[in-house]
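Peer 1: Protein chains in written order, with UniProt numbering: chain C, 1 to 411; chain Z, 1 to 411.
Just so you know, these hints were derived from the structure itself, not from any lab.
There could be a bad hint or two in this list.
Copies of the same chain are indistinguishable here, so a pair counts whether it falls within one copy or spans any two.
[What the hints assert, rightly or not] Simulated pairs of lysine-lysine, DSS-like, Cα-Cα distance not exceeding 30 Å:
(1) Lys408 / Lys210
(2) Lys70 / Lys312
(3) Lys334 / Lys365
(4) Lys312 / Lys327
(5) Lys269 / Lys408
(6) Lys26 / Lys210
(7) Lys269 / Lys3
(8) Lys239 / Lys334
(9) Lys365 / Lys176
(10) Lys196 / Lys177
(11) Lys3 / Lys177
There are 2 protein chains.
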Amino acid sequence: MAKINQNYMQLQGSYLFSEVARRRNKFISENPNASIISLGIGDVTRPLPEAVLSGMHAAVDELADSVSFKGYGPEQGYEFLIAQIIGNDYNTRGISLETDEVFVSDGSKCDVANIQEIFSLDTVIAVTDPVYPVYVDSNVMAGRSGAYDKTANRYENIVYLPCNAENNFIPSLPDKKVDLIYLCYPNNPTGMTLSKEELKKWVDFAKANKCIILYDSAYEAYIQEDDVPRSIYEIEGAKDVAIEFRSYSKTAGFTGVRCAYTVVPKGVKAYDEDGNSVTVRDLWNRRQTTKFNGCSYITQKGAAAIYTEAGKEQIRSLVDYYMTNAKIIREGVKSLGFEVYGGVNAPYIWLKTPNGLGSWQFFDKLLSEANIVGTPGVGFGQSGEGYLRLTAFGSRENTETAVERLTKISL
Amino acid sequence: MAKINQNYMQLQGSYLFSEVARRRNKFISENPNASIISLGIGDVTRPLPEAVLSGMHAAVDELADSVSFKGYGPEQGYEFLIAQIIGNDYNTRGISLETDEVFVSDGSKCDVANIQEIFSLDTVIAVTDPVYPVYVDSNVMAGRSGAYDKTANRYENIVYLPCNAENNFIPSLPDKKVDLIYLCYPNNPTGMTLSKEELKKWVDFAKANKCIILYDSAYEAYIQEDDVPRSIYEIEGAKDVAIEFRSYSKTAGFTGVRCAYTVVPKGVKAYDEDGNSVTVRDLWNRRQTTKFNGCSYITQKGAAAIYTEAGKEQIRSLVDYYMTNAKIIREGVKSLGFEVYGGVNAPYIWLKTPNGLGSWQFFDKLLSEANIVGTPGVGFGQSGEGYLRLTAFGSRENTETAVERLTKISL
Chain C
1 MAKINQNYMQ LQGSYLFSEV ARRRNKFISE NPNASIISLG IGDVTRPLPE AVLSGMHAAV
61 DELADSVSFK GYGPEQGYEF LIAQIIGNDY NTRGISLETD EVFVSDGSKC DVANIQEIFS
121 LDTVIAVTDP VYPVYVDSNV MAGRSGAYDK TANRYENIVY LPCNAENNFI PSLPDKKVDL
181 IYLCYPNNPT GMTLSKEELK KWVDFAKANK CIILYDSAYE AYIQEDDVPR SIYEIEGAKD
241 VAIEFRSYSK TAGFTGVRCA YTVVPKGVKA YDEDGNSVTV RDLWNRRQTT KFNGCSYITQ
301 KGAAAIYTEA GKEQIRSLVD YYMTNAKIIR EGVKSLGFEV YGGVNAPYIW LKTPNGLGSW
361 QFFDKLLSEA NIVGTPGVGF GQSGEGYLRL TAFGSRENTE TAVERLTKIS L
Chain Z
1 MAKINQNYMQ LQGSYLFSEV ARRRNKFISE NPNASIISLG IGDVTRPLPE AVLSGMHAAV
61 DELADSVSFK GYGPEQGYEF LIAQIIGNDY NTRGISLETD EVFVSDGSKC DVANIQEIFS
121 LDTVIAVTDP VYPVYVDSNV MAGRSGAYDK TANRYENIVY LPCNAENNFI PSLPDKKVDL
181 IYLCYPNNPT GMTLSKEELK KWVDFAKANK CIILYDSAYE AYIQEDDVPR SIYEIEGAKD
241 VAIEFRSYSK TAGFTGVRCA YTVVPKGVKA YDEDGNSVTV RDLWNRRQTT KFNGCSYITQ
301 KGAAAIYTEA GKEQIRSLVD YYMTNAKIIR EGVKSLGFEV YGGVNAPYIW LKTPNGLGSW
361 QFFDKLLSEA NIVGTPGVGF GQSGEGYLRL TAFGSRENTE TAVERLTKIS L
């Protein structure tokens, strides 16, 4: 008799963005003439950079000819792309990596969801709160979460590290034993960053406690300030304790094209049941070669084109476009008296809801009064209650219209 | 302290094709002038069909414009592709499916490796032997295999169903309790098929025992004989007990482009710890929406183009090309006195090794004397010992040269 993975029964409600979509669709069906502006899901809207388009067209043409045709590629990604990643994204910052420490994939969502598989089921995970739901849900599915406590809106066995206005969104080190720590900077959803000094505390903590940091830097390209670390490997010792996730989704408009990479330095160790150290990179390599078959050749050629001079310039202008939107939203809502965070080194603006409104209450209010779709902060965790996320990924026109509409909602 | 998933320590050696690549590379480094012909890994070599190329170029162009730009797509795949799949691959055979029973992905390898996640850890799995290694290894990683028995070359808790010349490659029903049954027809690696009558025995067994059949039909397009079932859903009742995996890798040359789909009819149920039935489709949907972010838009547009009249014609001629190769290999080795199976409804030819040679011995002999890379049958399981797989995916010229070289090896 086929039995289900009972852990799935612990998952709470629909995935956040499904619920947002449901409410949005309901509103549209009831208000068919409303002109909705979505500043909700963190999805890009600008066309792909010209260099990427050319790279992909050329790759399609290669597949038209039996001499240049490519079948299965390396599960870890093509060396032509990995060399560009190491040269441009790491060597330029004084970080050295070996080719077989970088794994190209079809998306960071997959990688951050799958990485937990290579660790034991009794692993204790720590997450900042609010948090990208995939870190939590992938561990719930694996059975690491314990029961869900409805009152607390938290799972019993997960260690939550609150980040809110009170602590200036800087998480405290865990006060109990943890094994894996998920950090995301620039942060989704708050848009906030950690300084090198703050990040160093985490690397030191991980070293002292033989923890591993799962460092999601999907929004690295949006960093504007010089003193904000772009990679965790800028911190001394991080290559012994940190796995870093990067994505082209937001950097280059690849949300529909699918390409990301994960760095697993050979210095990162975990321990077997006899206490012997095991090279985590080898486990991930085995996971990927067994369960994944590489990212599309066409996509990888498109990604490699980002590293040409033209590509770099086009990416900069893409990021500038969205960060100008971020500034418009940030300054706009600020001038209306909102408490606002993020939006300086990240495409996310994290609003404190006015008048003590709950996140979903404010979501519904924005939707009905301004026809704007945001993302309720509480959807990212209990510490997000009373906040709402707006993204800078809209068009300029929509962004400006949204800010104008905000002036008219009743507060 | 981060601890590893100890189950990984149960995995045996390298993944089969890594070991093949290692021996091949060693031979090349020692014999730099040898002209190697690979009939090993099941990878296509012909260019993509013209319709697919046009579809993908057009999709790239859509991403060049902010109006037609596509960001995140549905994790389950675009409806434009799913409608073509249902209409062409199923309705034409009298099988009805709903849109939300089809899940598009970046490859069947991922899907068949990931599907086990939604079932309980004490699930007993049955596999035919020889078998595609991913079915076994993904379950080893999850902890369902028990210890590896070196003498038997088998895992203790996995139920193996031998398929060999003695039973004409028709597996017997399990003689012990099993929960999930992996079947692959046309079979990889043997190239053999099951008749409708044989397949019906499995559907009936699954119904009687509340098992689920995981039916991999990646090679469906290669079926030439009319009475061979192309989908398990041609068997009455299968929509209550079977999940079907299909891929464009071999059908349309997508091994480097990455697109596949998985059908999970809502009639398929598994049971929770209280014995209540749960719709497996909903669990898979939750798994995919949480851990996957959809297949590339460009790839899906390319896949949809396969269903145009031109696309269908081009696919047929692609399959004909490889099946002519299959015939050349099959008849060539037969005329040399080999016992040979498969190659009629599948692009794989399954050779009995001559003179009682072991699979790896014959692999090495083929490599050193004929400079041909095959795949040792024992790499697919103990019942594959004494066999070797050749694929029809080479070029015509290489296929003919390979058969000619075979006449010269010492037997």
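Peer 1: Checked against the structure, which of the hints given earlier come out wrong?
Peer 2: When the structure is compared with the hints, numbers 1, 5, 6, 8, 9 turn out to be violated.
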